[in-house]
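J.: The hints should help you fit chain B onto chain A, whose structure is shown.
Chains as they are written, first to last, in the numbering used here: chain A, 1 to 172; chain B, 1001 to 1601.
Among the hints, a few may not be true.
[As the list claims (entries may be wrong)] Residues from chain A that keep clear of chain B, each with C-beta distances beyond 10 Å, as calculated:
#, residue
1, Asn6
2, Glu48
3, Phe49
4, Ile79
5, Lys92
6, Lys167
[Stated by the list, open to error] No farther apart than 20 Å at their CA atoms in a straight line, the calculated lysine to aspartate or glutamate pairs in the EDC-like style are these:
#, chain 1, residue 1, chain 2, residue 2
7, B, Lys1556, A, Glu99
8, B, Lys1026, B, Glu1074
9, B, Lys1528, B, Asp1514
10, A, Lys151, B, Glu1074
11, A, Lys53, B, Glu1291
12, B, Lys1224, B, Glu1147
13, B, Lys1471, A, Glu99
14, B, Lys1246, A, Glu20
15, B, Lys1085, B, Glu1071
16, B, Lys1529, A, Glu20
17, B, Lys1590, A, Asp150
18, B, Lys1556, B, Glu1522
19, B, Lys1550, A, Glu99
20, B, Lys1590, A, Glu104
21, B, Lys1550, A, Asp103
22, B, Lys1529, A, Glu99
23, B, Lys1556, A, Glu108
24, A, Lys34, B, Asp1581
25, A, Lys34, B, Glu1268
26, B, Lys1550, A, Glu104
27, B, Lys1123, B, Glu1239
28, B, Lys1471, A, Asp95
29, B, Lys1089, B, Asp1058
30, B, Lys1556, A, Glu20
If you're looking for bench data, these hints aren't it; they were derived computationally from the structure. Just so you know, even glycine gets a beta-carbon here, dropped at the ideal spot from N, CA and C.
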Amino acid sequence: MVEIENKEEKFRELEKYMEEVNYDPSMLINILHKAQEIFLWLPQEVMEFIAEKLKIPKSRVRGVVTFYNFFSTKPVGKIQIKVCLGTACYVKGGDKVMERFLDELGLENPGDVTPDGMFSVHDVRCVGACSMAPVVLIGEGDFYGRMSPDKVPRLVKKYKKIAEEMKAGGKA
Amino acid sequence: MKEIRICAGGACVAAGEFAVKGALVKALKDKGLLSEYKIIETGCMGMCSRGPFMVIDDVVYSQLNQSAVKEIVEKHLVGGQIVDKYLMKTPEGKTVEKAFKEHDFYKKQVKIVTRNLGIINPKNIDDYIERDGYKALEKVLKEMKPEEVIEEIKKSGLRGRGGAGFPTGLKWEFAAKQKSDTKYMVCNADEGDPGAFMDRAVLEGDPHAVLEGMAIAAYAIGAKKGFIYVRAEYPMAIERLRTAIKQAKERRFLGENILETDFSFDIEIRIGAGAFVCGEETALMASIMGERGQPRVRPPYPVEKGLWGKPTVINNVETLANIAWIIRNGWQEFRKYGTEKSPGTKVFALAGKVKNTGLVEVPLGITLRELIFDIGGGVPNGKKLKAVQTGGPSGGVIPASKIDTPIDYESLTALGTIMGSGGVIVLDEDDCMVDVAKFFLEFTVNESCGKCTPCREGTRTMYEILDRITKGEGTMEDIDTLEELAVVVKETSLCGLGQTAPNPVLTTLRYFRDEYIAHVKEKICPAKKCRDLISYVIDPDKCTGCTACKIVCPTKAIEGELNKVHVIHQDLCIRCGSCMDVCRFDAIYKVTPPLKVDTKV
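Chain A on its own, in the form it takes in the complex:
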């Protein structure tokens, strides 16, 4: 099992939000968004916690989590690289950009995490910036438009440096 850092504090923050929405089960998706914002992904015990507090079956929480693409039941990188594979990005070579990112980071498949836990690459559906295709989102919303595979190594280098700084700064 993966250890969760600052566990108690995170659960408190989540419960505070659930209180704000009156433990309304119809708010489950919004609650899960909040939980993923806090924990970065949705560990089993977080799902169980939500089910218990909303007084709904665990199976319903898990059913909703696994249904929607946005929610992840396995750890993700601290820095996530999201490559858009919407139509406009695809016809302009988004798939090649994706491949290059995986290659440069030594990852097999989208969704895998680098051994140091810092990076994961994900495909996303249209982000609505089709005129800048192909597009890539990195970390907390850094946006790169008109991408091409040969621009990838430089970006990876840049973010590896940021990752090192994060590790050194104790943020990782």
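T.: Just chain B now, kept in the frame of chain A:
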């Protein structure tokens, strides 16, 4: 105070709008002009490929960066000289000063839905009110009965802009007739079609137009509670909606006793979580209620039994953004645009292989040729137009030979595609039609919710066949099976997702069957796109031995010394195309069928 407008639409923000604004503020401050100008950050100005934009007295500057802004402040604002080099240009290279009035991209546009985009600050309700905002709501509440509102919308002929084109007034009438103590008004802002971003632009650039449309609809049908279901991929839209709702409540355009009348209406935001099927109305309702977004059989339709079993109207963002305009200007004015059966305008998102990409609002009935060539400026890099894809994964491709077809609901359906939400992806000669069909099927396979068998199993089998064909492993029998399956999935699926999923396959088979046959019989990809059917080759006459390709090759498949002709080892090449992208001498080209793996060229 004089005004300077900066586009803060999604694409311009991505292109560096924030830095541009910072540079503008700094430059104005340096010149002591800051107090004389009001900087307005607006919604999308449309021509996203040329952003970020800045507009000073109708003069439109494009593709700006920090130093450009500094120069414009010095020369234009201080010196009174228009800075030519940042103006937009016509395809012939002529500069256009007042681009929004004079450039071809804008000339044929009619702005109803996008009336405030690029003009107002979406975060400021006063800007919206100044442009007659909430006047329609006031008129409706104080002068019109609900039946009269419905009558007005029915007469306008407005049809749902989310894709299906159902008459909006009729939908409202059905809901209004339902006897129920509780009714709901829902805005479908789950814009999931890849390639469509008009709803995003409206939500971000003019959120009050959507709120006003919802409030009018709620009054017409008798709803007190509304929901906006937005996709999580649009955080900026969510933020601006939150701001807008808060402001509207403060001014009493939402909440209890709106504008001192008996009418009360409140709106809540619900966020999606990345499931395409949630754009389907019954799936959307399940998602709003916090469940798996799976569709159910209709009837009963949402207007009878919707959210929590109560009558519910679900309208799309663009549909709702039309409402206030129609109420203010009258149905006759609306019908001046568009065709008899498809009145009004439609916002299209132009993307793909077209020079001017961005958002355009045009009267329905305009031809694809006008849209792609007159407004879009045609296909770049001297390539030929091959086809146009409309309607996203639910739509189909229209071959270049049919681009004089007028764009309306019926004409597009007759061609085998759909209007959909208005995404228009332009494809050129480098796009393989089998590959395009495979791309969309991969999308539907991923997004199929799995509830009904035809969609779950059928789309997967179709995808597998397409995959075989693109690898040169298909048979003629495969093509027949594919076609047969497509028809079955279309006819027997539970919801709109499955019913329309075969459209990309059916249309490519209809118009580009020879391409399928070439993949199967000759093992070639005529567009030289499918990886397993092509090889990259270096032309020894053109190669200068610059080593650029050798450096970029991820598998070290390229061999050659500096200043000597390079060769590609076909056994190592993974056909990523990086070498071709970096070659400045056009020395690398593709061949189909592929070369034998032991060759070096």
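J.: Now tell me, hint by hint, if it's right for this structure.
T.: We went through each hint and held it up to the structure:
no., hint, result
1, Asn6, "holds, 24 Å"
2, Glu48, "holds, 17 Å"
3, Phe49, "holds, 16 Å"
4, Ile79, "holds, 18 Å"
5, Lys92, "violated, 8 Å"
6, Lys167, "holds, 27 Å"
7, B/Lys1556 - A/Glu99, "holds, 16 Å"
8, B/Lys1026 - B/Glu1074, "holds, 12 Å"
9, B/Lys1528 - B/Asp1514, "holds, 15 Å"
10, A/Lys151 - B/Glu1074, "violated, 34 Å"
11, A/Lys53 - B/Glu1291, "holds, 17 Å"
12, B/Lys1224 - B/Glu1147, "holds, 17 Å"
13, B/Lys1471 - A/Glu99, "holds, 18 Å"
14, B/Lys1246 - A/Glu20, "holds, 17 Å"
15, B/Lys1085 - B/Glu1071, "holds, 11 Å"
16, B/Lys1529 - A/Glu20, "violated, 53 Å"
17, B/Lys1590 - A/Asp150, "holds, 19 Å"
18, B/Lys1556 - B/Glu1522, "violated, 30 Å"
19, B/Lys1550 - A/Glu99, "holds, 18 Å"
20, B/Lys1590 - A/Glu104, "violated, 25 Å"
21, B/Lys1550 - A/Asp103, "holds, 17 Å"
22, B/Lys1529 - A/Glu99, "holds, 16 Å"
23, B/Lys1556 - A/Glu108, "holds, 19 Å"
24, A/Lys34 - B/Asp1581, "violated, 42 Å"
25, A/Lys34 - B/Glu1268, "holds, 17 Å"
26, B/Lys1550 - A/Glu104, "holds, 17 Å"
27, B/Lys1123 - B/Glu1239, "holds, 10 Å"
28, B/Lys1471 - A/Asp95, "holds, 17 Å"
29, B/Lys1089 - B/Asp1058, "holds, 15 Å"
30, B/Lys1556 - A/Glu20, "violated, 57 Å"
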